[in-house]
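Participant: Residue numbers (my numbering): 1 to 254.
Keep in mind that the hints were calculated from the coordinates and are not lab data.
Incorrect hints may have been included.
[Claimed, not checked] Calculated lysine-lysine pairs in the BS3-like style (CA-CA distance at most 30 Å, straight line):
no., residue 1, residue 2
1, Lys196, Lys246
2, Lys155, Lys196
3, Lys237, Lys205
4, Lys155, Lys65
5, Lys246, Lys205
6, Lys205, Lys155
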Amino acid sequence: MIRVDREDAVALVTVDRQDALNALDLLTLTMLRDELSGLAGNDDVRAVVLTGAGDRAFIAGADIKYMSGLGVEEAMAWGALGHEVGRLLETMPKPTIAAVNGFALGGGCELALACDIRYASSNAKLGQPEVNLGIIPGWGGTQRLARVCGLGVAKELVFTGRTVDADEAHRIGLVNAVHDPVLEKARETAHVLATKSVLALRLVKRLANRALGGDHAANLAAEGEAFGELFSSADAKEGMTAFVEKREPRFTGR
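Please build the complete structure, drawing on both the sequences and the hints.
Facilitator: This is the structure in C-alpha cells:
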C-alpha cells in the first residue's frame, strides 16, 4: 500500500490504493506514518517526494467509508494520526516535495500542504470539501491552508468546500508550479536539493517554519544565531572555498 523507492539520496514515497483513488484508511495511514518516521531519521536520505500511484489521484482524501463508522474517541485518534503524518512531512530535517498527480482532496490536500514544496499535474484537483460531509478539515487544513494561501482564500475554500484546478491552485499559491509529468519535476528538484548541505537545509527549514508564527524579533534573532553557528561547519568552509575556486562544492553534512 505504501511503496518507498530510493534514487541515490532521494526517497520516493508512493501511496498505492488505486482502486480507492489512493484514499487513506487506517492501515495505509499508519504505514505512511511509519515509513516517513523511518525516513526522517535516515541520514542517507536527503530529500523525500510524496506522490500517489497512477495518474488519477495523489491522495483523494481519507477513506469516507472507514470514517463513517467512527465514534468521537476514534475520530480524535484518527485526527491525531493524520496530524502526526503532517508533522513528519512538515518538520523532518530534510525537504519534502508533493507531486500532486490528480485528486488531492481533504486529507490528501492537507498532507500536500504539510510538504515544503508542491507541484501539480495539469489534471490536478485540490480542495478541502469536508464541509460537504458536515465535518471540518482534521489534519491541519484550517491552519496550513491559511499560511500558504492567506486567510481569505483559505476561508473561502474551507467554507464552500469547492475544489480548484491546477491553474487556480498555482494562481493562489497553493502549488509552486504546474508541470507534466509532475513526478519528473518533483524528482528533478529533489535531486538538486540532495546536493545541498544537509546542515544548511535543516536549519533553513526549521527557521522558515517559524516565519508565520511566534515573535518576529525572536525569529530574526534565531536566524542570526544559526547563521553564525554554521561558520564552524565543514560544509560552510567547503561551500565558500568552492565558490572562490570556481568549482562545485562537495558537502559532507559536517
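Participant: CA of Lys237 to CA of Lys205, is that 30 Å or under?
Facilitator: 21 Å, holds
Participant: For the pair we were handed, Lys155 and Lys196, check the Cα-Cα distance against 30 Å.
Facilitator: 37 Å, violated
Participant: Is Lys246 close enough to Lys205, meaning Cα to Cα at most 30 Å?
Facilitator: 27 Å, holds
Participant: Hinted pair, alpha-carbon criterion (30 Å max): Lys196, Lys246. Please report holds or violated.
Facilitator: 16 Å, holds
Participant: Are Lys155 and Lys65 close enough, with their CA atoms no more than 30 Å apart?
Facilitator: Distance of about 26 Å is within 30 Å: holds.
Participant: What's the verdict on Lys205 and Lys155, does the C-alpha distance respect the 30 Å limit or exceed it?
Facilitator: Roughly 26 Å separates the two Cα atoms, so the pair holds.
The structure is inconsistent with hint 2 alone, although it conforms to all the rest.
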